[in-house]
Structure formats: structure tokens, C-alpha cells
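Here is what each chain is made of, one letter per residue.
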Amino acid sequence: MDRKEEKFKQIVADNKARITRISRYYAPSAEDWQDIFQEILINIWKSLESFRGESSVDTWVYRIAVNTSLSFAGQHYRRMKLNVDINDPDILSRLVDDSDEDISREKVSQDLQIQLNQLGVIDKAIMGLVLDDLSSREISEIIGITEPNVRVKIHRIKESLRVRMKGGQDE
Amino acid sequence: MAESDHNIDLDSLVTRLKGEDSRNLRMMRNMKWLFYSMIVVYTLLLIVNPDRELQLHHRISGLCYVLGFTVFAVLFRKYYIDYKSIDYSVSSVEMLSKAVKRHRFTFVYFLYALPALLLVDAGITISEYNSLVSVEPMNRILMVQAFLIPVFAISGLIGYMIWRKRQKPLHDQAQQLLNELTGS
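As they're listed, the protein sequences go chains X and W.
Per our numbering, the very first residue in the first sequence carries number 334; after that it's consecutive.
Per our numbering, the very first residue in the second sequence carries number 1073; after that it's consecutive.
Some clues are possibly wrong.
Below 20 Å or equal to it, Euclidean Cα-Cα: the simulated SDA-like pairs (lysine to any residue) are [stated by the list, open to error]:
1. 491(X) - 1207(W)
2. 379(X) - 1255(W)
3. 349(X) - 1089(W)
4. 1090(W) - 384(X)
5. 379(X) - 1153(W)
6. 379(X) - 1155(W)
7. 340(X) - 1085(W)
8. 1173(W) - 1233(W)
9. 337(X) - 1085(W)
10. 379(X) - 1233(W)
11. 379(X) - 1096(W)
12. 342(X) - 1217(W)
13. 379(X) - 363(X)
14. 1170(W) - 491(X)
15. 379(X) - 1092(W)
16. 1156(W) - 375(X)
17. 340(X) - 392(X)
Sample of chain X residues with no beta-carbon within 10 Å of chain W, all distances over it, derived [what the hints assert, rightly or not]:
18. 362
19. 389
20. 417
21. 447
22. 456
23. 467
24. 474
25. 480
Quick caveat, the hints were computed from the structure, so don't treat them as lab data.
C-beta atoms are modelled at their ideal positions from N, C-alpha and C, and glycine is treated no differently.
Please put together the full structure from these sequences, using the hints given.
Here it is, written out as C-alpha cells:
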């Protein structure tokens, strides 16, 4: 086993759960996530030689995963989803700023997935990283926009989701 | 879904990727040698060939072809490398900006190819000028241009149509995502 192969397998082993989660978040259908997963592995292999250690391996892997998903979405434009586990009890507080009592658990189950899938491609990509508990600084390093801009975007997306979940009209 | 339910065989994937790496390397090497060989063959045949029947205009025309092919070969090699080396490990904004740049259709591409076109044009004109001896000198040049300019124009149009079908959708999608990200 040569050095590149060894490094590749180590990175994949260390980040398998992360890559799997990202693949599942953005997969257009349940069957497609494995295609994204494989595409991410291929792009990790292709990018290995350009890895200079300027960012952490985690950030580097996230960049490849998100960029691959955006490119994958490009091939199947508008089919990109943001799939979440609606049975996760914390999902609402992670996606919407407050624990608004107007939004009932039952309504969450019904509407959350629909509302998430109506987000734009970039908003889905950002919220996928939010779901993975990444900080604004980490998201800014992955996406390439400033940290305040990331915070503004996340706030807007959450606000938009909150309004829609309450049955209001998004601006 | 459980995390373990993906069935990607990492070993066979790595074998496939290593195969692709060596294929790409081989293709680059072959392209490089093909390119060098063509320059050497054309240089020997048309420029330094000691054949007494070869006149100066043959040699000048040959030199124009060699230089034209060289410019084309360098351009193709550059585009091949650009397409093969898409870096997914940069930030999304950078990746999308590069994609927009890579897939756009600009006048600059024409300017890059112009020296090669002019050299090939000059090569053909010099060669035909000396074979169409029964025609007036100015008309010889115009006859060659009347053939070459439509050929170049049709080639350019075909290139544009291929870009419009294959590259434009990718360009527009990357631009749209970039606008969404940067808020412009």
C-alpha cells in the first residue's frame, strides 16, 4: 500500500460518519446518497496531493463534501434536498431559533421536511453544516464567505423557516 | 438508516482511482510525446529537409504550420489540465468562481487561438499562392481567404453551439449558486 492510499484510507476511516451524514442530508432520493458518498471519496482522492495542512482535516473534508454535493446538485439541479430525521427531538431547536410553542411537535413532523426542501441550494448546504453543529467560523471557512455573513444567512434561513412553520408568509 | 449500510468497497474504489491516475499520467505523457514528435517530423519534412525540390516558400509555409500546431497544442494542453484539475478542497465560493470562469464563453478564447489561426492561414496562403500561378497575385490571396475565412467561421460557430449546449448550463448554474452565496 503506497503513501497516498494509506493517507486516503486513514482520512476516509476517520471521517466516514461525517461524509455519510452530508451525503444523506443532500441526497435527492434515498438511493442517491451512496452516489454522493462515492463522489466525495473520489474527490478526496483527487484533492489529496493539494492538501497542504493549511486548514484542519475536518474543514478540508467538509469542503470537499459540500462542494461535491453542490456539483452533484448541479447535475440534478433543483433536486438537491436537505433530509433530516424528523423524529430527532432536538431537530426543531437546531433549525429554528426559538422553541416557539406555536409550532407543535405534530406540525413539525408534517411540515419540517417540506419546508426544508423548499430552501435554496445554498441555504440547504449551510443548514446541513448547522445540523452538524459547526460554528459560524467553521462554516465561513468551508463556504468562503465572512463569519458575520454566515451568521446573517443562518439567522435569515431560521427566521424564514420559523415563519413558514407557523403558517405565515415568508417575505 | 444505520451508518454501516453503505456497500462501497473501498479497496476496489482505490484500485479504480489508482488506475485512473496512471491512465491520466499516461495520456498526458502520450500527448506530450505526440506533440513533440509532430514538431520534429514537420520540422524535418518541411523546414530542414535537404530535398532540392523544396523551395523557400515550402519551408516558410512548413514553419507556419509547425508554429500554428504548436500554439494549438499548448492551448489544448492547458485546457485539458484545467478540466482535469478541478479542486474541490477550496472554499465553495472559490470553487464556484473557478467553475464560472472555466465554463464561460469569452472573446479572450478567440484571441488565444488567433495566433494559431493566423499562422495556419499564412501557411496555406503561402503554399497555395505559389501553386495558383495562372491567377492574378492579389486574387490568389483572396481565393484562399474566401475559402479559409468561412471554414474558420463555421468552426467557430460549431464551437459556440457545443459550448451553448454543454457548458452554458454549467456556467449558469455555477453563477446562480455563486450569486446566492455572495448575495449579489
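We went through each hint and held it up to the structure:
no.	hint	verdict
1	491(X) - 1207(W)	violated, 78 Å
2	379(X) - 1255(W)	violated, 30 Å
3	349(X) - 1089(W)	holds, 18 Å
4	1090(W) - 384(X)	holds, 18 Å
5	379(X) - 1153(W)	holds, 13 Å
6	379(X) - 1155(W)	holds, 13 Å
7	340(X) - 1085(W)	holds, 15 Å
8	1173(W) - 1233(W)	holds, 18 Å
9	337(X) - 1085(W)	holds, 14 Å
10	379(X) - 1233(W)	violated, 31 Å
11	379(X) - 1096(W)	holds, 12 Å
12	342(X) - 1217(W)	violated, 59 Å
13	379(X) - 363(X)	violated, 26 Å
14	1170(W) - 491(X)	violated, 30 Å
15	379(X) - 1092(W)	holds, 10 Å
16	1156(W) - 375(X)	holds, 13 Å
17	340(X) - 392(X)	holds, 16 Å
18	362	holds, 13 Å
19	389	holds, 12 Å
20	417	holds, 13 Å
21	447	holds, 20 Å
22	456	violated, 8 Å
23	467	holds, 13 Å
24	474	violated, 7 Å
25	480	holds, 13 Å
When held up to the earlier numbered hints, the structure conflicts with 1, 2, 10, 12, 13, 14, 22 and 24 and fits the remainder.
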